[in-house]
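**Q** Throw the hints in and build the complete structure from the sequences for me.
If you read the sequences in order, they're chains A and B.
So the first sequence is numbered by my numbering: it starts at 1277 and just counts up by one.
So the second sequence is numbered by my numbering: it starts at 383 and just counts up by one.
Because the hints were derived from the structure by calculation, they are not lab data.
Using N, Cα and C, we set each Cβ at its ideal position, and we do this for glycine too.
Heads up, some of the hints might be wrong.
Pulled a few chain B residues facing chain A out of the computed Cβ check, cut under 8 Å [stated by the list, open to error]:
| # | residue |
| --- | --- |
| 1 | Gln423 |
| 2 | Phe427 |
| 3 | Tyr430 |
| 4 | Glu434 |
| 5 | Ala435 |
| 6 | Leu473 |
| 7 | Phe488 |
Take a look, some chain B residues computed to stay more than 12 Å from chain A by CB distance [what the hints assert, rightly or not]:
| # | residue |
| --- | --- |
| 8 | Lys396 |
| 9 | Arg397 |
| 10 | Leu437 |
| 11 | Asp445 |
| 12 | Gly454 |
| 13 | Phe456 |
| 14 | Glu460 |
| 15 | Asp468 |
| 16 | Ser469 |
| 17 | Gln479 |
| 18 | Glu485 |
| 19 | Arg493 |
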Amino acid sequence: AQSVTQLGSHVSVSEGALVLLRCNYSSSVPPYLFWYVQYPNQGLQLLLKYTSAATLVKGINGFEAEFKKSETSFHLTKPSAHMSDAAEYFCAVSDSGTSYGKLTFGQGTILTVHP
Amino acid sequence: DTGVSQDPRHKITKRGQNVTFRCDPISEHNRLYWYRQTLGQGPEFLTYFQNEAQLEKSRLLSDRFSAERPKGSFSTLEIQRTEQGDSAMYLCASSLQRSGLGEQFFGPGTRLTVL
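**A** Below, the structure is given as C-alpha cells:
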C-alpha cells in the first residue's frame, strides 16, 4: 500500500523567501509522485509530476521538486515566494506505478506568504 | 478543452435525504475518479471507472454510496439516507489512460452539507 506524509500542516514565509514543502512517501512499486495546489473553494491543480524520468522536476509557477529514492522524499521548492502562492499544497502518490492509477494524498500543507 | 465540470457546486440537505452529484469529465478521457475531501484533510479515493466499468471501490465506502458511468461519459454519485458525517467536498477527476501520460485533472468539487 502507498502512503504520503507531509511534514508541517502550516508553513509561513515572507514574500521573496525560499519555499520548502516536505513530502515523504511509501510505495511498494516504483512511484509516480505529484504535487497539487488547491486554492480556496476550488479543485486541485497539478503543479508537477515525477514519472521515473529526470529526478529534478520543474513545474508551473516556478515550482520544482526533487525525487530522492534513498530518502523516499519528494520535497517541493520555489526560490522566491509570491503572495499569489498562498494556498494549500498536496503531495500524492499513484498506487499502480503509472500516472493514471488512483492517488493517495498527504494531509496537505497550508502555505501563508507574508508581505 | 473545457475541463472537468461538476454539478451542483453546493448542496445542503437534511439528514436522511438522498442526494445525487454529476461529473462531466474531459471529453475522450476514459478514466474517471471520485474522491472525498473533509476539512483539513487530503482527498480520499472513493471509486473509479474505466469507460463504463467500475473497476474499484474503496472499502471505506458505505453501501449507501453508489456511482454510475453510463456509456462511459458523465458519472453520477448518489448518497442515500445521508448522515452528518457525509458532509464533505466531493471531487471528480478524469484521466486518459495512455503510456507515459494520464495525470488526473480535477473538477471544482461539490460541497455537501448535511444538516
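**Q** Taking the hints in turn, state whether each one holds.
**A** Evaluation of the provided hints:
no.	hint	in the structure
1	Gln423	6 Å, holds
2	Phe427	5 Å, holds
3	Tyr430	6 Å, holds
4	Glu434	17 Å, violated
5	Ala435	15 Å, violated
6	Leu473	6 Å, holds
7	Phe488	4 Å, holds
8	Lys396	23 Å, holds
9	Arg397	24 Å, holds
10	Leu437	9 Å, violated
11	Asp445	20 Å, holds
12	Gly454	15 Å, holds
13	Phe456	17 Å, holds
14	Glu460	20 Å, holds
15	Asp468	19 Å, holds
16	Ser469	15 Å, holds
17	Gln479	5 Å, violated
18	Glu485	5 Å, violated
19	Arg493	8 Å, violated
Violated hints for the displayed structure, listed by number in ascending order: 4, 5, 10, 17, 18 and 19.
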